[in-house]
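Asks: Residue numbers (my numbering), protein chains in the order written: chain A, 1350 to 1449; chain B, 1350 to 1449; chain C, 1350 to 1449; chain D, 1350 to 1449.
A couple of the hints might just be wrong.
Here are the computed distance ranges between Cβ atoms for each label pair [stated by the list, open to error]:
| no. | chain 1 | residue 1 | chain 2 | residue 2 | range |
| --- | --- | --- | --- | --- | --- |
| 1 | D | 1434 | A | 1367 | 36 to 42 angstroms |
| 2 | B | 1423 | C | 1440 | 40 to 46 angstroms |
| 3 | C | 1368 | B | 1374 | 46 to 52 angstroms |
| 4 | B | 1380 | A | 1352 | 41 to 47 angstroms |
| 5 | D | 1426 | B | 1437 | 42 to 48 angstroms |
| 6 | C | 1380 | D | 1359 | 30 to 36 angstroms |
| 7 | A | 1369 | C | 1423 | 35 to 41 angstroms |
| 8 | C | 1380 | D | 1371 | 26 to 32 angstroms |
Looking from chain D toward chain C, a few residues come up when the C-beta cut is under 10 angstroms (computed) [said to hold, decoys possible]:
| no. | residue |
| --- | --- |
| 9 | 1380 |
| 10 | 1384 |
| 11 | 1397 |
| 12 | 1406 |
| 13 | 1409 |
Hint data in this document are derived by calculation from the structure and do not stem from the laboratory. For each residue, glycine too, the CB sits at the ideal point set by N, CA and C.
There are 4 protein chains.
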Amino acid sequence: MPSRKIDHTEIERRLNDLPGWALTAGKLHREYRFADFVSAFGFMASVALVAEAMNHHPEWFNVYGTVRVDLVTHDAGGVTELDFTLAVRMDDLARGHAVR
Amino acid sequence: MPSRKIDHTEIERRLNDLPGWALTAGKLHREYRFADFVSAFGFMASVALVAEAMNHHPEWFNVYGTVRVDLVTHDAGGVTELDFTLAVRMDDLARGHAVR
Amino acid sequence: MPSRKIDHTEIERRLNDLPGWALTAGKLHREYRFADFVSAFGFMASVALVAEAMNHHPEWFNVYGTVRVDLVTHDAGGVTELDFTLAVRMDDLARGHAVR
Amino acid sequence: MPSRKIDHTEIERRLNDLPGWALTAGKLHREYRFADFVSAFGFMASVALVAEAMNHHPEWFNVYGTVRVDLVTHDAGGVTELDFTLAVRMDDLARGHAVR
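Only chain A is shown next, with the shape it has when bound in the complex (with noise of 0.2 angstroms):
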C-alpha cells in the first residue's frame, strides 16, 4: 500500500541505495545543485509534471541553481513508498544536469 508510513529502520536502510539523500526531520531531503537558474528550472518543470501526475508533491526550495527537497507524506504522517518513489524519479532527471 502506498501511503504506509515507513519505519526509521527501514527507511535508513533505504536511503543506502540513494546517495544524497538523508533523513532530516523526518523527512528525505536532498540538495541539487546546477550550473545556473535555467538548468534549476528546467529540472524543476519536469519534476513538476511527474510530481502533479503522482499527485504527490514536494516541498522545494529554490535560489539560482541550487534545488533543496524535503519529501514527505502528509496524509501518513511520515515517509511513504511516494515519496521514495519521487526520489527517484528526481535523480533521475537530475541526472547529466546536476552538477552535484
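Fit chains B, C and D to the known structure of chain A by using the hints.
Replies: Okay, now just chains B, C and D, sitting in the frame of chain A:
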C-alpha cells in the same frame, strides 16, 4: 542606480504600497496562496522568465498551492530597486490567480 | 468510456458550449492570445501539468503571446471525451490571462 | 550588429557547424525528439527562460516528446545572429536529453 542598497526607513515607507509584503530578516518577504499546485507552478514559470530576463532571482519555497518568496540583492548586501521591481512584477503575475 | 470516438454531429453540438473552439481537420482547435510570452508560457506550464496528469497531451504551437492548440485522441482515431475535458481545463486556466 | 539579416550562402555555410538544423522556408529549423513529454517540457522551460532573457522567441510546436523549432528575426526579415545564438543555446540545453 539599481543596485544601491535602500535603507530600512525607506523600505518600510515603500512597503506601504505593497500590501502582503514585509521586511523579514533583511529581505522582502511575501507568501502567495493559490488554489492548487497547477496554478502555483504556472505562476512560478512566468516569474522564472521575468527573473532570468532581469538576471535577478528570487529565493522561493513551494509546497502545493503555497509560494513563499524572499527578495534581496546579494551583491548589494541588502534590498535594492531590483527587489521592488521584481516584487511588483510578481504581484502583477499573481493577480487573478492567487487566492490571497 | 473516455476513449470512445465521438461522432461529427455530436462534436459540433458540444462545441456550442465551447466558444473559441472549432473542429478543424478532425481535431478540436483553438487559438489563445496572451499579452506576451511570459503570460503565454505560464499558461503552458499549468496546462503541461494537467496534460501529464491526464496522460493526454496537446499538439500545440507557440510564438510569443500566441498559443494554438489541436486536441485529438490518437488511440481512438478521433475526438473523445478526453479532448473535451482538456479543452475545458485549458479554458479555465486561460481565464483572466488570455487577451482573447 | 545582431539584427543584420544573414544572406543565404552564409547561412548554409554556418549550418555545417549545426548538425540537425536546416534552412527551411527562410527559417532555421530543427526537430528534437525526447523520450517523453516530461523531458520535452523540461527542455522547453529552460529554453523559455533563455528566449525571454534574449528577448528573442522561437516559433515552436510540441506534441508529447517531439519539439519542432523555427527561428527567424521578424524585425530583420530573415535569419540573424540572434537565431544562431538561440540555436546553439537550445542544442546545449537538449544535450543529454534529446533522444536524437
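Asks: Now look at each hint and say whether the structure bears it out.
Replies: Right, here's what the structure says about each hint:
1. 1434/D with 1367/A: 36 to 42 angstroms: holds, 39 angstroms
2. 1423/B with 1440/C: 40 to 46 angstroms: 41 angstroms Cβ-Cβ, so the 40 to 46 angstroms window holds.
3. 1368/C with 1374/B: 46 to 52 angstroms: holds, 49 angstroms
4. 1380/B with 1352/A: 41 to 47 angstroms: violated, 28 angstroms
5. 1426/D with 1437/B: 42 to 48 angstroms: violated, 36 angstroms
6. 1380/C with 1359/D: 30 to 36 angstroms: holds, 35 angstroms
7. 1369/A with 1423/C: 35 to 41 angstroms: Check passed, 38 angstroms falls within 35 to 41 angstroms.
8. 1380/C with 1371/D: 26 to 32 angstroms: holds, 27 angstroms
9. 1380: With a minimum Cβ separation of about 14 angstroms from chain C (threshold 10 angstroms), the hint on residue 1380/D is violated.
10. 1384: violated, 13 angstroms
11. 1397: Hint holds; residue 1397/D Cβ to chain C Cβ min 5 angstroms, cut 10 angstroms.
12. 1406: Because about 5 angstroms separates residue 1406/D from the closest Cβ in chain C, which is inside the 10 angstroms limit, the hint holds.
13. 1409: holds, 6 angstroms
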